[in-house]
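Protein chains in written order, with the numbering used here: chain G, 80 to 247; chain P, 2 to 151.
Hint data in this document are derived by calculation from the structure and do not stem from the laboratory.
Note that the structure is a prediction, hence the values are computed from the model and not measured.
Backbone N, C-alpha and C define an ideal beta-carbon position, used for all residues, glycine too.
Treat the hints loosely; a few may be bogus.
Computed cross-link-like contacts, BS3-like style, restricted to lysine-lysine with a CA-CA straight-line distance of at most 27 Å [unchecked claim]:
hint	chain 1	residue 1	chain 2	residue 2
1	G	Lys137	G	Lys223
2	G	Lys168	G	Lys156
3	G	Lys123	P	Lys149
4	P	Lys67	G	Lys123
5	P	Lys96	G	Lys137
Over 10 Å on every C-beta distance to chain P, these chain G residues come out as not near it, computed from the model [claimed, not checked]:
hint	residue
6	Phe104
7	Val130
8	Met173
9	Glu189
10	Ala231
If you want the building blocks of each chain, they are given just below.
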Amino acid sequence: MSTTLQPYLKAVRQTLTAAICVENFSSQVVERHNKPEVEVRTSKELLLTPVTISRNDKEKVLIEGSINSLRISIAIKQADEIEKILCHKFMRFMMMRAENFIILRRKPVEGYDISFLVTNFHTEQMFKHKLVDFIIHFMEEIDKEISEMKLAVNSRARISAEEFLKRF
Amino acid sequence: MAKNTGSSAFRRVDVDQFSEEKYEEEAVAEDEANGPNETDIQRILNEGRNFDALLHALNTAPLSTKNQLVKERVVQTVLKVLLTFKSNEIDVAVKSLDQPQLDLLMKYIYRGFEYPSDGSSAQLLTWHEKVFSVGGLGCIIRVLTDRKRV
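Chain P with its partners taken away, still in its complex shape (with noise of 0.2 Å):
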């Protein structure tokens, strides 16, 4: 036999790759977007500004950067920042944002489940009832199907 056709390693290549139609994430410009500075919220949270402080984290949330630790780390100081919140503030919180930011504000709940520690899970849960009575069904459905993720 021919030496050529001794491996059978050309099964393996992926000749899809050379396929006109193979769908590529869209090159969005990585923008060095780090998210939100830590001190900076957490100032704010000290001064018991809560509500600016999470609109601070939503106005400058790192959607475009292709750095998961940068993502972990900013959905770390959101969980805190959503955590600070006493129930009865969340209401008037979510009432007072627009789609977009419940959107972002849905995604971070939702990453913030992966992480449950003591007590977090519920209060999480408070947040997404609140936000599903305003944003809906659309807001979750925008969540899963947005490519960009928190």
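So that you can see chain G by itself, here it is in the shape it has in the complex (with noise of 0.2 Å):
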């Protein structure tokens, strides 16, 4: 299973290259905006096809292109329960700082977990191949860092019981 995760976050990486390329293109609509297309979605020769990636049906990124922004979502492995529940929490703690993040949604795109929104504007004053490297890092470090938090949630547990248990 896990062979399939650097030819996975490759093709992710390939897929972004291709599509982060946006550039400054303002509203059509309303004069003097500029906002960013793929969220706005009211003309549709400024779309892009979307594009997923799938790892197995529960791992999956969607890529949604157009002429200045791309929106990536990603839906995370969630095993049981206490993974579904320690992902919201570390995903919504996240999103609620996305101001700070720049790049981050601040809700995720239905039926993914997180969403991120990448405009003309971010590729102008950041690294295309840099954001990129941070996208596919922060897909490799997440699966690990919910382990962790599984790991210490159950030992946690395992040590208050039994110190609660010694009464007995």
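Using the hints, put the two chains back together into the complex; each one sits in its own frame.
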């Protein structure tokens, strides 16, 4: 199973590198406005084909592109109840601080756990290859962090149960 | 107040539909392409000619039809063909395809990812890697930007 991790991340990296070609494009509908077209979705000609890359039926990445913005949604592996809760809380923690993350979206797209929104302004300020590196690194680390948190929760629960039951 | 100003439905009228600059999808002649015949593909696969099945599927892809059901069915058929290939056959197959066929194959690979089943994603990831090494980033960009979706 873990043998698909590297090809999966490679495929996501290649697709992201291709899709992150965004340029400035002011709104066609409202003058003097500049909106990320992938979020507004009013003009069909500005949107690219959305593309999914999956590792199995639980883990996948949805990449939606447009002329001036890119939306990346990630579905994270959650094997059991406790991982679901941990993942949900962890993602919520980050999404509440989305402003500091810059490219994070405050709400995940339907069916996914976390979403990023990269606009042309971001690519003008930051290196594209570094943005892609960050997202791939994020995908790698998330699984490790959630496993670590689960271990911590389990060991804490065991220790506190032991202490409690010592009284009996 | 006059009765005609009571409703605010006028706010919902889409005036942009009459704008001359409005983009309209090119009215492509809706040909009756129904994609490859499944029994044909199955027959070719049973004969062991995986590559021929793939070629047949790529040559008869229903690009111009607007019928979603046809497209779904064809995606399943092509996915089946892609999964019957062995890992060493993929290399040979990819090298003998030309540019438009590679782009079409890449489209099908991405569509195949939307229906993950046991082990299908691993095989598709191998396909993706091999096609990328021949087609490069241009192949992916053509998949993203082509309006003729598979």
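Worksheet item: Against which earlier hints does the structure fall short, listed by number upward?
Response: 5 and 7
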